[in-house]
Amino acid sequence: MLAAATEMTETVLSSGWFLENAWIIPIIPAISFALIIFFGKRMPKKGSEFGVASMLGALVFSAGAAYQWIQRVNGAEEGAYIAPIVKTWTWWQNDGVSLGIGQHVDGLTVTILLVVAFISSLVQIYSLEYLRGDRRYTHFFASLTLFSAGMLNMVVAENMIQLILGWEIMGLCSFMLIGHWWEEGANSRAALKAFFTTRTGDIGLLTGTAVLYFAANERTTKTLGVSGFSIRGLSSWALSGDPSSAAITVGAVALFIAAIGKSGQFPLHTWLPDAMAGPTPVSSLLHSSTMVVAGVFLVARVYPVFFEGLNILGSGANFIVIIGGITIVIAALLAFVQTDIKKVLAYSTVSQLGYMMMGLGAGAWLPAVFHIFTHAFFKACLFLGAGSISHSSSHHSFEMKKDMGGLRKFMPITFTTWIISTLALCGVFPFSGFFSKDEIIDNVGYAGYNVFMIVGLAGAFLTAAYMTRATYLTFFGSPRGASAGEHHEEEGHGAHASHDDHAHDSHDTHGHDAHASHDDHASHGPHESGWLITAPLIILATLALSSGFLNAAPFGHSWENFKKWVEPSAEVINPTGIAYVTGGAGEARISSDEPTEPVVGEEAHSGAPLAAASGEEDHSKEEGHHKSDCGTKTPVDGVCVAPQLNHAPFKWSKAGLSMLIVFAGMLSSWILCVQLYERKNKKLVGLTERNKALGAGYKFLVNKYYLDALYENVIVRSIAHPIARGAYWINQNILDGIVNGAGTSAKTVAGWVYRNVDQKLVDGAVNGSGNAAQAAGGALQPVQSGKVNMYGALLFGSAAIGALILVIINT
Amino acid sequence: MLLNQFLILGAVLFCIGVYGVIARKNAVMVLMSIELILNSVNINLLAFSLRNGSVDGHTFALYVIAVAAAEVGVGLAMVLLMYRNRRSIGLDELSEMKG
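Here the protein sequences come in this chain order: A and B. Using my numbering, read the first sequence as starting at 1 and increasing by one per residue. Using my numbering, read the second sequence as starting at 1 and increasing by one per residue.
Hints are computed from structural coordinates only; laboratory data are not their basis. Misleading hints may appear alongside valid ones.
Claimed, not checked - Which bits of chain B does chain A cover? Going by a derived footprint, with three or more residues having C-beta under 8 Å, they are:
| # | region |
| --- | --- |
| 1 | 11-22 |
| 2 | 46-56 |
As the list claims (entries may be wrong) - Below, in silico cross-link-like pairs of lysine to any residue (SDA-like), each with a Cα-Cα straight-line distance of 20 Å or less:
| # | chain 1 | residue 1 | chain 2 | residue 2 |
| --- | --- | --- | --- | --- |
| 3 | B | K25 | A | M790 |
| 4 | A | K787 | B | R51 |
| 5 | A | K787 | B | G75 |
| 6 | A | K760 | A | V749 |
| 7 | A | K787 | B | V79 |
| 8 | A | K787 | B | G90 |
| 9 | B | K25 | A | G797 |
| 10 | A | K787 | B | Q5 |
| 11 | A | K787 | B | I89 |
| 12 | A | K787 | B | M32 |
| 13 | A | K787 | B | N85 |
| 14 | B | K25 | A | Y791 |
| 15 | A | K787 | B | L81 |
| 16 | A | K787 | B | N26 |
| 17 | A | K787 | B | R87 |
| 18 | B | K25 | A | V788 |
| 19 | B | K25 | A | A793 |
| 20 | A | K787 | B | Y19 |
| 21 | A | K787 | B | L94 |
| 22 | A | K787 | B | I22 |
| 23 | A | K787 | B | R24 |
| 24 | A | K787 | B | D92 |
| 25 | B | K25 | A | Q784 |
| 26 | A | K787 | B | A23 |
| 27 | A | K787 | B | M82 |
| 28 | B | K25 | A | G786 |
| 29 | A | K787 | B | S88 |
| 30 | B | K25 | A | S785 |
| 31 | A | K564 | A | S14 |
| 32 | A | K564 | A | H647 |
| 33 | B | K25 | A | N789 |
| 34 | B | K25 | A | L794 |
| 35 | B | K25 | A | L795 |
| 36 | B | K25 | A | F796 |
To be verified - A few chain B positions that, by computed beta-carbon distances, are all more than 10 Å from chain A:
| # | residue |
| --- | --- |
| 37 | L2 |
| 38 | N39 |
| 39 | V67 |
| 40 | N85 |
The beta-carbon is built from N, C-alpha and C at its ideal position, and this holds for glycine as well.
Could you build the full structure based on these sequences and the hints that come with them?
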């Protein structure tokens with residue numbers, strides 16, 4: 001049957017050079033990293049040219065791969081299984097175990113590759129201006145480039161080990177970049193916190209990978225001939241019905257804990273807002289396309305493991321959807337009490353990642369991946385916009401209440417791009433966020449998770465409200481603090497001096513981005529940034545506006561291109577990776593055991609109308625349909641690599657409801673902001689101080705739910721302090737007791753020994769040996785020259801003599 | 001099997017390392033030379049492990065790497081203290097231990 005099947009499916013999927021060689025993409029920035037480290041400081045642009053060039057190169061390669069992947073999908077029948085392009089080389093082998101390194105390129109890979117390369121390129125171009133004159137300019141570009149290399153490597157990873165490699169490179173680079181200005185204690189603490197928090201999750205990654213390997217290896221070796229580390233091996237194993245529920249559940253939970261740590265999900269989200277201590281371009285890269293997306297990507301990558309292990313769609317709620325739901329709401333609430341514009345955006349990212357996780361947990365794989373795609377553009381734009389404001393208008397302060405306000409007049413480009421991205425983030429039609437976020441909410445409800453659909457809608461309301469608040473504080477109202485500098489300057493010389501003082505003040509106390517060139521800006525007030533900053537903003541805003549149309553469900557099936565290109569087909573395939581039959585009209589058919597199959601195969605291949613098929617074929621068609629239910633029914637032979645997922649049909653009524661909620665959020669927030677900040681409404685100002693319940697809630701939020709206190713004061717203390725105290729007690733009571741007791745008894749014995757043995761017997765011997773030792777010491781004294789090198793030489797010399805003796809004895 | 005090549009590589013690295021330990025005056029360079037020696041040992045372990053088809057050598061190599069990391073940690077801390085005390089890390093100036 002297999003022979004017949006392979007014969008039948010001679011549909012040659014098109015491929016191309018870029019697809020076949022996608023593994024080169026992470027290598028380009030990796031090489032560039034080495035070049036920057038070794039030669040960067042000697043280059044005219046201090047190494048940044050390597051970084052920008054390598055990211056542009058990676059972008060070209062990724063775009064080539066994306067184009068060829070689209071060709072590949074378009075060349076096949078719709079709904080057919082599109083084999084990923086997998087290549088692997090042996091990296092390590094021993095005793096039958098081997099680890100490969102290579103590429104696994106499918107729709108998901110291509111999407112994220114393109115996003116990462118694109119955002120990285122823009123962020124690097126932006127950094128050229130933003131970090132000009134920084135004291136560690138070269139190292140900044142080196143870390144940034146290696147960071148992208150890590151993410152790209154993780155994305156093309158063929159197996160879990162390669163994925164972990166990229167994952168950890170990112171962890172290291174995030175530490176270096178967040179702590180870029182480590183002279184300030186807060187920054188290096190934030191870097192450490194990010195590193196340790198994600199490391200906590202990484203324990204899950206290692207555990208999960210090991211558990212899944214030992215559970216899956218036997219079967220994957222037998223069916224696919226790949227190890228239990230490989231992505232497609234794990235996917236097919238998870239859907240085979242073979243795994244014991246304990247192994248796959250433990251594996252899935254452990255891997256999800258890793259995703260919680262990396263993607264800032266509750267309760268390990270605390271590192272993400274602190275990571276704002278890094279330079280703004282870093283925040284932008286970290287929060288849009290790399291690092292935090294890694295956790296979501298991991299879940300999307302080996303989705304079948306989570307699908308089966310956590311029983312997604314099979315039960316009322318599961319681990320992923322619950323964590324995602326909690327994250328959406330708690331992060332959105334926290335965004336309300338922030339005065340730092342970057343922290344608002346940070347919590348917004350956490351909340352949006354919650355949406356992605358919730359989507360994945362509810363079987364909405366494609367909307368979640370599409371949300372990664374659209375979110376990358378508008379979130380990068382928002383962060384770069386915040387950077388543009390602090391760079392050019394607020395003297396490197398990110399405090400919205402103190403140093404911003406009324407900036408729309410001074411920074412028209414930044415303002416426009418910010419508004420577009422905000423609307424996209426809130427999910428307003430027709431901006432890109434609408435098409436992805438609304439799809440997630442819609443599909444979560446469609447899959448039966450009604451509670452979480454409501455959570456999603458509540459999150460949409462909160463998102464709209466806190467973004468309106470941030471926009472109001474930044475761009476509307478009257479200029480405050482550093483942003484007001486220009487006005488005061490025009491009024492008189494005295495004001496000028498006070499402005500300078502203030503600028504200096506705000507730099508000392510609130511300045512995150514205190515870099516060397518900052519004094520350049522003290523001389524003039526708010527203004528638009530240079531083109532190196534505005535050009536990336538404009539490009540990103542354009543994409544924030546338009547990228548949603550790649551999968552515009554409201555306009556009908558023909559607009560759902562992203563779905564067609566990216567979503568893996570849930571079709572039973574034979575182990576060589578070729579679909580049994582590439583059927584037309586989205587239906588999978590499976591061959592029966594009839595020897596006359598090739599004829600049918602040619603028909604199917606050429607896309608001939610199958611309506612004329614005989615009854616026998618109808619039977620096989622039925623069977624095929626039955627068998628293609630990957631994830632709900634176990635395939636008897638052949639393998640599945642993706643579970644069967646449903647899509648919610650788009651309804652304007654549902655979209656309209658969420659639109660209304662978003663507008664309600666914006667409007668209520670706007671009214672509140674105007675009353676609170678502009679009119680200084682007596683009823684509202686200081687409400688949290690007067691009303692106890694509100695005050696308590698506010699305090700609870702300002703203290704970030706006391707999670708940091710819990711981790712640092714309770715958990716770390718409760719573990720570290722008792723150990724220290726216990727050790728001290730043992731030291732004082734037991735060890736000292738033993739030592740003292742031994743001392744007293746020894747003293748008595750010693751007294752006797754001294755009088756009888758020592759004085760009479762030993763002294764003679766000691767004096768004799770002492771004399772001998774003195775003589776030997778005198779002879780050996782030259783050896784103890786105090787020269788370390790000479791000690792080394794003696795050590796190796798005697799080792800060599802020892803080796804010689806060994807050889808002589810053994811021959 | 002490239003056993004000989006592996007062993008020759010290991011021997012060459014070992015010799016370079018020994019030369020570094022003996023001839024270098026800079027403490028950091030000496031530490032790096034010691035690393036080189038340890039790694040040449042690793043190469044030998046891996047080569048024999050591959051030849052015998054057993055995983056033991058790999059495991060040992062991992063241990064050696066871990067020990068080497070600890071050793072560099074201690075070594076660099078000592079170098080740092082040396083530098084703090086005497087503003088130099090030249091080994092030839094360190095001869096307090098002269099007997």
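Hints violated by the structure (numbers, ascending): Result: hints 4, 10 break, sorted rising.
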